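In order, the protein sequence lines correspond to chains Y and L. The numbering used here applies: residue 1 is where the first sequence begins, and numbers increase by one. The numbering used here applies: residue 295 is where the second sequence begins, and numbers increase by one.
Because the hints were derived from the structure by calculation, they are not lab data. All values reported here derive from a predicted model rather than from experimental measurement. It is possible that part of the hints are untrue.
Listed next, the in silico BS3-like pairs over lysine-lysine satisfying Cα-Cα at most 30 Å (straight line) [unchecked claim]: (1) K374(L) to K477(L); (2) K96(Y) to K118(Y); (3) K363(L) to K614(L); (4) K118(Y) to K623(L); (5) K118(Y) to K363(L); (6) K118(Y) to K590(L); (7) K359(L) to K639(L); (8) K477(L) to K665(L); (9) K592(L) to K118(Y); (10) K118(Y) to K659(L); (11) K659(L) to K585(L); (12) K623(L) to K688(L); (13) K639(L) to K118(Y); (14) K408(L) to K592(L); (15) K118(Y) to K324(L); (16) K118(Y) to K561(L); (17) K118(Y) to K585(L).
Here are a few chain Y residues that sit away from chain L, every Cβ distance over 12 Å (derived from the structure) [what the hints assert, rightly or not]: (18) L17; (19) T89; (20) I133; (21) L157; (22) R177; (23) V232; (24) A269; (25) V281; (26) V284.
Cβ coordinates follow ideal geometry from the N, Cα and C atoms, glycine included.
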Amino acid sequence: MEIFGIPVQALMGQLLLGLINGSFYAVLSLGLAIIFGLLNIINFAHGAQYMLGAFAALLGLQYLGVGYWGALLLAPVVVGVLGVVIEKTMLRHLYKLDHLYGLLLTFGLALVAEGVFKNLFGVSGESYAVPEILQGGIRLPFMYLPIYRAWVVVAALAVCLAAWYTIERTSLGATLRAATQRPDLVQALGINVPVMITATYAVGAALAGFAGVLAAPIVQVNPVMGSNLIIVVFAVVVIGGMGSILGSIVTGLGLGIIEGLTKVFYPEASAVVIFLIMVLVLLVKPAGLFGKQA
Amino acid sequence: MKLKQIAQATALIVFLAGAAQAQVSDGTVKIGVLTDLSGVYSDVAGPGTVIATQMAIDDFVAQEKPKFKVEMVSADHQNKGDIAANKAREWFEKDKVDVVSELVTTSVALAVQKIAADKNKIALISGAASTAVTNESCNNVTVHWTYDTYAVANGTAKAVTQGGGKKWYFLTADYAFGHALEKDATAVVKANGGEVLGSVRHPFPGTDFSSFLLKAQASGAQIIGLANAGGDTINSIKQAAEFGINETQSLAGLLMFITDVHALGLKATQNMYLTEGFYWDFNEETRAWSKRFFEKHKRMPTMVQAGQYSSIMHYLKAVKASGTDDTAKVMTQMKKTPVNDFFAKNGSIRDDGRMVHDMYLLQVKKPAQSKSPWDYYTVKAVIPAAEAFQPLSKSSCPLIKK
């Protein structure tokens, strides 16, 4: 049986792959959306933080013998701590200024990080092995699904759900949202607002680092892995609505699937389709599909 | 008395100045190295080619003691044809650069060789791959030195098809180079009794090839030809292993460099066939040169970097022999002189600008066979210069009279 000339089997395989990629986009755009939605910072260093997470896993294995599972917990912490340093020393001076300054600062930091790692490791990067338990795959009727990729979907979605739940449904999340909307009032109530803001940036960065560790066994760990991805992720966040957590998760998944379908029917356009959609969405609904304010 | 001295001094100065005019312009040969310093091909070419060029200049000045000075400038073209074209133009018009070299990335090479022709300067291409450089786009100021898509496709595709891999499917980078590589490889596969079941084009550069590999898997081909290079090839190979493709199919890296094998490791690349123009561990000469290069670059040379040294040395020797840096005279001298150095055996530059030399069919060693760092290849065959490259009879270069 064929749909538009493509056998159903092939289509299902590509949809599944699209879902897997989509979950990657979801985790990455979640971190960006948290940082922008709550802190109003356009974090262009997100791609570099993703790359740092992957390198933390690689170097942790080479020099400290920390395996994949350890890296999954530790690399985000490392990247989060770096995020704390960035926020406390540099970002906090820019809150009162135009968004553009935060963008420029984080963009500059990303370039510096990339340059340093290019000098140390070269552009070809290094290989990171899939952990033993997750090696191999399942022979589905329509494709061979690597177990590791199935794990990526599970882990990514779990983290996204946990983050969304914390922010939207717990009192901690409510305090955080209040702190960013009316910091003066919340501070008057005795809550340490600067610490909450730092923590938020750190969590956003840690999410990027987490995505980096997830990606390390799939793509070559190289210094430019983040910059290749970051533009697409930004497009995802813009389409979903810059401030909406749920929007970025849903949009990430959806766009992954659409990209997957494009790869089936017209592969040459698969790099561009997300931006085409972004243009359309911005024309019709500038705040994004799930966006709250204009 | 004083007038006579002044007259004599003036005559001497005029004589010297006049003599200088007939030689190298302003007494300096300026070499431009235009390469990808920070992007996807920077490991294959990049800073290593700048080091190789400086080595060539230093060796030339020390051995030949020329009367002219030699200088080098370098710049990053970022794999963009327009940036490269602007830089080349600026170098030729303002900075008196005599030759632009390296030029990895086909779109860059094609753009810059046109500019070199316009400005009557020389373009020495080491890194770029497409045969278009010496076919449709050929001109009489360009030399294509190290390799091209025909040479690498011919070596690898022929060996693999004759070895039993008859059904092919291509994963192609969607730009000029990828298309050229696919076209050349397809011709070789068919000429050796194989068939091409299809191909899929991926955006350049890409990161995730899973969808495309899935298509390749579903095609039922025995061999998946990777018509891409650099980071794309590395990720394709890695992800193919992830999807269990090597259980039923084999990968053929149509353009691979030793830096790719180094990045992936022998476990992922073992037994793969590839064709290169240079291997550092081939003989005593190559080992000696490569050790010197390694001391500066901390990595063994790729064929692009070794080829860059060889082309610059050949150029400088031609300038010395012809006594001038005039483009036409130097090109004539370069084409007259055979190339026989550590890089090229039985090398010569043809009328279409193609430098033909022996190529090497290599197989990646198994991890157990590798005895030392960078000990990656077994040389399976030396492809003689006459066979390795596209014959002149098939050329579409307007300079070739048939």
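Verification of the supplied hints:
1. A hinted pair counts as satisfied when its Cα atoms are at most 30 Å apart, and K374(L) with K477(L) qualifies at roughly 23 Å.
2. This hinted pair does not check out: K96(Y) and K118(Y) have alpha carbons roughly 34 Å apart, beyond 30 Å.
3. A hinted pair counts as satisfied when its Cα atoms are at most 30 Å apart, and K363(L) with K614(L) qualifies at roughly 11 Å.
4. For a cut-off of 30 Å, the pair hint linking K118(Y) to K623(L) is broken: about 41 Å separates their Cα positions.
5. Between the alpha carbons of K118(Y) and K363(L) the distance comes to roughly 33 Å, so the proposed pair goes past 30 Å and is violated.
6. Simply put, K118(Y) and K590(L) have alpha-carbon atoms about 17 Å apart, close enough for the 30 Å limit, and the pair holds.
7. For the proposed pair K359(L) and K639(L), the alpha carbon gap of about 25 Å is at most 30 Å, so the pair holds.
8. Proximity of K477(L) to K665(L) is assessed by CA-CA distance (about 37 Å); at most 30 Å being required, the pair is judged violated.
9. Among the hinted pairs, K592(L) with K118(Y) is consistent with the structure: their alpha-carbon atoms are about 14 Å apart, no more than 30 Å.
10. Pair hint K118(Y) plus K659(L) holds up; C-alpha atoms about 28 Å apart against a cutoff of 30 Å.
11. A distance of roughly 21 Å separates the Cα atoms of K659(L) and K585(L); the hinted pair therefore holds under the 30 Å criterion.
12. Simply put, K623(L) and K688(L) have alpha-carbon atoms about 28 Å apart, close enough for the 30 Å limit, and the pair holds.
13. Our distance criterion of 30 Å between C-alpha atoms is broken by K639(L) and K118(Y), whose separation comes to about 35 Å.
14. At most 30 Å may separate the alpha-carbon atoms for a hinted pair to count; K408(L) and K592(L) exceed this at roughly 35 Å.
15. Our distance criterion of 30 Å between C-alpha atoms is met by K118(Y) and K324(L), whose separation comes to about 29 Å.
16. Among the hinted pairs, K118(Y) with K561(L) is consistent with the structure: their alpha-carbon atoms are about 24 Å apart, no more than 30 Å.
17. A hinted pair counts as satisfied when its Cα atoms are at most 30 Å apart, and K118(Y) with K585(L) qualifies at roughly 23 Å.
18. With a cut of 12 Å on Cβ distances, L17(Y) falls inside the contact zone with chain L, its closest approach being about 5 Å.
19. For T89(Y), the requirement that its beta carbon stay farther than 12 Å from each beta carbon of chain L is met, with the minimum near 27 Å.
20. No beta-carbon of chain L is positioned within 12 Å of the beta-carbon of I133(Y); the least distance is around 15 Å.
21. The claim that L157(Y) lies off the interface holds: its Cβ sits roughly 18 Å from the closest Cβ of chain L, which is beyond the 12 Å cut-off.
22. Every Cβ of chain L is farther than 12 Å from the Cβ of R177(Y); the closest lies at roughly 34 Å, confirming the non-interface assignment.
23. Under the 12 Å C-beta cut-off, the non-interface status given to V232(Y) relative to chain L is violated; the minimum distance is some 9 Å.
24. The claim that A269(Y) lies off the interface is violated: its Cβ sits roughly 8 Å from the closest Cβ of chain L, which falls inside the 12 Å cut-off.
25. Listed as a non-interface residue, V281(Y) keeps its Cβ farther than 12 Å from every Cβ of chain L; the least gap is roughly 21 Å.
26. With a minimum CB-CB distance of about 26 Å to chain L, V284(Y) clears the 12 Å threshold, and the non-interface call stands.
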